[in-house]
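Given the coordinates of chain A, work out where chain B should sit on it, guided by the hints.
This is what each chain is made of:
Number of protein chains: 2
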Amino acid sequence: MDANIPISEKKRVVIVGGGFGGLKLAQEVLKSDFQVVLVDRNNYHQFQPLFYQVATAGLEPSSIAFPFRKIFHDEKNFHFRLTDVKNIQTENKIVETTIGNIQYDYLVIATGADTNFFGNQRIKERALPMKSIAEALALRNTIFQRLEDAINSVNEEERQKCLNIVVVGGGATGVEVAGTLAEMRSFILPKDYPEMDFSKMKIVLLEGSPRVLNAMSEVSCVKAKEYLIKLGVEVYNNTHVLDYDGEYVELKEGEKIPTKTLIWAAGIIGNRISGLPEKSDAPGGRVFVDTFNQVADCENVFVLGDVACMISDEYPRGHPQMAQPAIQQGKNLGENFKRIFNGKPLKPFKYKNLGSMATVGRNKAVVELPNYNFQGFFAWVVWLVVHLKSILGIKNKFVVFLNWVWNYITYNLSLRLIIKPRK
Amino acid sequence: MDANIPISEKKRVVIVGGGFGGLKLAQEVLKSDFQVVLVDRNNYHQFQPLFYQVATAGLEPSSIAFPFRKIFHDEKNFHFRLTDVKNIQTENKIVETTIGNIQYDYLVIATGADTNFFGNQRIKERALPMKSIAEALALRNTIFQRLEDAINSVNEEERQKCLNIVVVGGGATGVEVAGTLAEMRSFILPKDYPEMDFSKMKIVLLEGSPRVLNAMSEVSCVKAKEYLIKLGVEVYNNTHVLDYDGEYVELKEGEKIPTKTLIWAAGIIGNRISGLPEKSDAPGGRVFVDTFNQVADCENVFVLGDVACMISDEYPRGHPQMAQPAIQQGKNLGENFKRIFNGKPLKPFKYKNLGSMATVGRNKAVVELPNYNFQGFFAWVVWLVVHLKSILGIKNKFVVFLNWVWNYITYNLSLRLIIKPRK
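Chains A and B supply the protein sequences, listed in that same order.
FYI, the numbering for the first sequence is 1 to 423, going by the working numbering.
FYI, the numbering for the second sequence is 1 to 423, going by the working numbering.
Isolated chain A, as found in the complex:
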């Protein structure tokens, strides 16, 4: 069965995935005279860096989700399809999807990455990931349901399990969610639950390496850990999770931590699609690509962003799996489509490191620019401005800004809703 895509005389570029890379690419490709078909399993682009604020009831999903159809309102050559990709037939130039086959002239895979549970099925079934808006909402529901469970518990041990929250993974996501939860414990929860003694609530951050924010410089790591400890997060370094039964987190190092809420931000795995040649298999579910984001021996197939693995002297294990490399690859590849259209040679991708940053709590962030590191209030302001600037749409910027200001002044947003799906 063929999917119902309008036939065009233009060459068709099919883009799988509308994350940072796929979205940027689509916008660039549309500047040339191609037909663009974007397929995604959601009808909206997700702003991943702020998932943790949705999970901790600081923002509404709609503030960081942007419907594709709206983004591309004025593009006549753009077609969006809500579907899952099942397989690729590179020889026939066909993408097999749940709504039928889609023929392509050029294919770009920008499927990103998902949570890596490293094969531990028990953890996968019980831990809470945070790699989509739906997952962030599920986490939000769980956090607040557990507090209700805690207040209903007559048994001290049960209550402790409901109160404690363990975050696994000391990268930016883990640090940000642990810090925000600790602030919530200090400023918001005692007002919501006056009957509860929140000095008993533990927020634990587990990290396998000796440092949190391990990808950043030492000064940032030290400062971030200092901030976390100041907020009352218990930071365990050199610690590995062995097992989780839904009640106790068992550490390889021996200890058992009681908790019914285990947040998993410990690793990601590329969303590889079946049908690519075996020799393109890179570690971590990624796909080897050349310097033009092209897959070897596949005519007109490109891969970019988190799922791509482009090896260079500077990045022998591929680029960091973050927004910036994806956006920059999307832009470069988009410009290369213009060159393809004009029959010119392609330009190789060159990653420009713009720096990285993470926020731990109010007035507390770390920022690393290529030649300059700073921390504290100014870093926090920079973090706010950069993220606000990156959010699509004037109204969304305004609503997020309003939420942040409100939250900053009142310490008290009203998004602590447990909206369970309709039965």
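These aren't lab readings, by the way, just hints derived from the structure by calculation.
Chain copies aren't distinguished; within one or between two, either way the pair holds.
Taking lysine to any residue and the SDA-like style, the derived pairs with C-alpha atoms no more than 20 Å apart in a straight line are:
id, residue 1, residue 2
1, Lys-331, Asp-290
2, Lys-420, Asn-141
3, Lys-191, Ile-394
4, Lys-397, Ile-409
5, Lys-70, Ser-186
6, Lys-191, His-73
7, Lys-124, Ala-113
8, Lys-70, Tyr-408
9, Lys-397, Tyr-408
10, Lys-161, Tyr-236
11, Lys-161, Met-196
12, Lys-420, Ser-132
13, Lys-70, Ser-390
14, Lys-200, Pro-6
15, Lys-161, Ser-186
16, Lys-420, Thr-142
17, Lys-331, Asn-342
18, Lys-70, Ile-418
19, Lys-420, Glu-125
20, Lys-389, Gln-27
Keep in mind that this is a model prediction, so the values were computed, not measured.
Frame of chain A; chain B shown alone:
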């Protein structure tokens, strides 16, 4: 098992349900020296009159949902419990809940009403109700998923089933949702789906009686129908749904309308709780109460709002099941608790009809005050002001106002997200 509620020397008032009536009552009772325990199956108060705007992607749930714990931050004698009530033991003064038994000195049942499918199981399984925020969100997801399905359909008949929307029930909810959908069809959807011919999309409103908004005066009914027709809604009066197989709505009058989206706003049934004496059973799932909202032969048990049936000469079938009677009963009963506290005689309830209103679309509403009816732009402004005024919290008022202004100017909100629950 006893629920874990702090023991107090004060008399305990247990309120089941935090809708308009229960919320108002709790606020009033707390002015006297009682312990108040509010139980609800959600951790938030829902502003029902705007469910239809959540369902049609005009508002976010958080704008019309207010966490109980936040509303009552400063009340030491207030305790909230998230639970379902299973049964009442009136002789032992116990409420049985999923978190254990709760002892009461006074019990107030304010459980409201749910959708009435009039015993038709096939319709219940397939039609979409709109009596909670979760249901409104499920409806929103369905509406936009159907449009994606329509665009994927190669078969003309299938596409028609995905495009058409049938609304059953010509009360305020049905009229408001049909009108909003028709506006969306005119102004928003053609931009989102340029490939689709929306002149083929039917929006049908089915109503059993000869008039829409049957509870209002003739001039309002006529005007509302005129507005609906102007917006392109097909209004069927004197029409009854016989059956629905998920693909075709079968009317008693013969016709079959193809649609995969059947919105059910045709009736409500009181959320009666088991354990009350049989002779208190009133029609429509309601509970007979006297003029003090008291249930006969049950010591200290009160029922108010949609689920209560208080018969008087003026209202031989009980008060209309709307926000106003519930709020007014909550207020009167709350004041009666002050009289109970002071050992004074109770004051009977007297309903003051403040009027009613419904909005059909932008600049189109009908308003009925006790001695004065008006329609059109001014009625629409009055509708906006009254609803904005009723929304709790400054920030929520502001966000709703911002959304409305934005929507009015741009005809284009960005809440058209299909956020499916995490699998």
